[in-house]
Amino acid sequence: MDKILRINMGAENAPAYLVEPMGDYAGLGGRGLTSAIILSEVPPLCHPLGESNKLVLAPGMLSGTTAAMSGRLSVGCKSPLTGGIKESNSGGQAAQVIARLGYAAIVLEGKPKADTLYKIVINSEGVSIETDNSLKLLGNYDLVEKLKDAYGDKITCISIGQAGEMKLSAATVAATDMETRPTRHAARGGVGAVMGAKGVKAIVLDDTGMKMREPADPDAFKAANKKFVQGLREHSVTGEGLPAYGTNVLTNVVNEAGAYPTHNFTWGRFENCTRISGETQAETETSRGGSGSATHGCHRGCVIRCSGTYYDKDGHYVTKQPEYETVWAHGGNCGIDDLDVIAQLDRMDDDFGLDTIEMGATIGVAMEAGLAEFGDAEAAIRLVSEVGKGTHLGRILGSGAALTGKVFGVERVPVVKNQAMPAYDPRAVQGVGVTYATSTMGADHTAGYAVATNLLSVGGSVDPLKPAGQVELSRNLQVATAAVDATGMCLFIAFAILDQEETFQAMIDMINAFYDMSLTAEDVSELGKKILRMERDFNERAGFTAKDDRLPEFFKKEPFPPHDVTFGVSDEELDSVYNF
Amino acid sequence: MLDICLTVDPARLSVFQEILAAGFHVPAPAGKSIRKVLTAHIGLDARYLETRVQTIFLNGRAVDDFDHTTIKTGDVLALSSAMPGLVGAVFRRQSPLAKMRGSAIPETKANGGQGSVEITLKLFNQVAQDIGPDFLMSGIRISAAYLRRFLVAHPELSFKGVRVDGEKLDVRELPEILNVEANARVRIHSD
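Heads up: the sequence lines are chains A and B, in that order.
Quick note: the first sequence uses the working numbering, first residue 1, plus one each step.
Quick note: the second sequence uses the working numbering, first residue 1001, plus one each step.
Keep in mind that the hints were calculated from the coordinates and are not lab data.
Treat the numbers as computed from the prediction; the structure is a model and nothing was measured.
The C-beta atom is built at its ideal place from N, Cα and C for all residues, glycine as well.
Check each hint, because a few of them may be wrong.
Computed list of chain B residues with no C-beta within reach of chain A, every gap over 12 Å [as the list claims (entries may be wrong)]:
1) ILE1019
2) ARG1035
3) HIS1041
4) ARG1141
5) VAL1162
6) GLU1176
What the simulated footprint calls covered on chain B by chain A, stretch by stretch (three residues with Cβ under 8 Å from a Cβ of chain A suffice, anywhere in the stretch; the number is not a length) [claimed, not checked]:
7) 1011-1017
8) 1075-1089
9) 1121-1127
Build out the structure end to end from the sequences listed, making use of the hints.
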């Protein structure tokens, strides 16, 4: 994994590729690499769908190795949704396969001059770029089936659905899972629209004949990985809660806290939340049976296995187990309490290539605008169908909550930097509001997710008995998360890291044994800071100012039941997040 | 109050986690700490409470100090194991991230009161899985209307036996009967 594959889709006669050494980017991976390339090579004021933007696909530093949980793929570009820098990451097989093929990144550059659709095939033999207009406007599921017919079952696909081809701002980049289904998505910020603008419908990857990446010190690496896995298995969240119930286990708890945004962020409890909770979802999946029903990994090498497979009442595959954010977005946020409907909407989002958070929030705004009643499941399905069909209404909805709110004159639009908020109301969990407001990515719950504050000692150690302020905590979490995103590790490892110092050390030991380095916790935190500084720099040059680091006004004005709280963190405090 | 005994397939016992999460009524001594109520009165093992019950909400507010937080009638007490996600970590007892909750939602403390009161207890996730079956077998008191809605929402549930006030009953008659009374004591048996 010591080279970068650059594919110029706008080359003179036909798209052309070049393989080059890492150069100045040596030592970077995942989000660290995507953000470094975007900062160095993309003009911040360029049009996100223009030839100057680039789409960077980068596995993490440990992807393609035997390290557990190392399968995240970072996708970076200038975002058509936010107008700023974007790193959106995904599970699935793609990161492992790209890394084993030897690439630290695949960079799509330029723009085809004609309205032509391409597929790119990358295997141990090399790279081919082929015109294939027969793939036009296929959904991700049909597309992957067609590619499997052509290239066999062992491929891994990165693709866009209709939304990406239409260059909609909620469009995702899909990655196939262990069953070669397009269920994993780099979903946020419209990265699929950028892939669509490059004219690339699919990248077909085949690592047949390629080996696992070899560590510099195999024995030390193996020992560290073993300890790391042991730590994950022993921890109650990563070893029990997530495998049993998936991320949707949060529904009941967040609802109880009064932090579950319901009916487009109008109040904090959904009356029927137990019908769509993780417990109910797991019970439904288990009773219906089927392969990988309630506990399943999204890529090989996952030991947490927080995912699952959702089958309908007759045992037919519908989609992967919908995540907490998806169940909230299409469920409680829209007043819908039917898991089968939510699973159907998740399937449609995956097929069209749409961000489930953005779409759920958008349907919520549309319901507030009167396009449908809250709780009307059929209407929600119809509205998402409009996006797949590419009707005028569908193109508005597929461009996200902010645009939909503008078009239909809605004031309560839950976005920051035009990106829809996830499933935690910032009035009830104010520190999350700080992260939503100040993240370089727009409203993003994962931007400050890696709860490794004490161990990383970012900005000083935090005494558990004397909690730091929410600004300091948000800053520390954002730094830690950026560092974890660079490793290609799943963020869910963070829970074990928070509680078990030896598990955190095992992760650092793995990196050191692999690269023959001697990283310390301070070095890891410095990497996180470096990434945030790069992203902040890009955004400032793209025109972002302090006013973009704010929550919408209604969060300060509208008390949020049941606790009747408003967002109380001052602008001055928000502006101090990047003081490091 | 109706006394209802339902016999189900053991494999389907977990479907009743939905009822445990929605909450059921339990009597409790007023003015006692949450720890006292849960261990001395409800019978939770002290070590289990300390290690497994990582997240406690009282009336929707996260509780850090369950030795000095007391209960009063009408309180809603929810118990959960450690949760994933940043917000899951934020709501944990004694979380180093507790400050992220924001100062606007303070912890409830020292409600006081005397005698026996009634509270609503909610059990989530692994906690419901661990201790829920005992509650279900010994009987929980819930709203009859809620039980009716639950049964209507789960037409796939088949019961090996239904008894109301000791008398055998066809399950199809149950929704009608549940319209009459406000509350029901429900016991779930599995064999």
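Hints, one by one, checked against the model:
1. ILE1019: 8 Å, violated
2. ARG1035: 19 Å, holds
3. HIS1041: Correct as stated: the minimum Cβ-Cβ distance to chain A is 21 Å, above 12 Å.
4. ARG1141: 17 Å, holds
5. VAL1162: It holds; VAL1162(B) is separated from chain A by about 20 Å at its closest Cβ, greater than 12 Å.
6. GLU1176: At about 23 Å from chain A, GLU1176(B) clears the 12 Å cut-off, so the statement holds.
7. 1011-1017: n = 5 at 8 Å, threshold three: holds.
8. 1075-1089: Answer holds; 11 residues pass the 8 Å Cβ test.
9. 1121-1127: Check passed, 4 qualifying residues.
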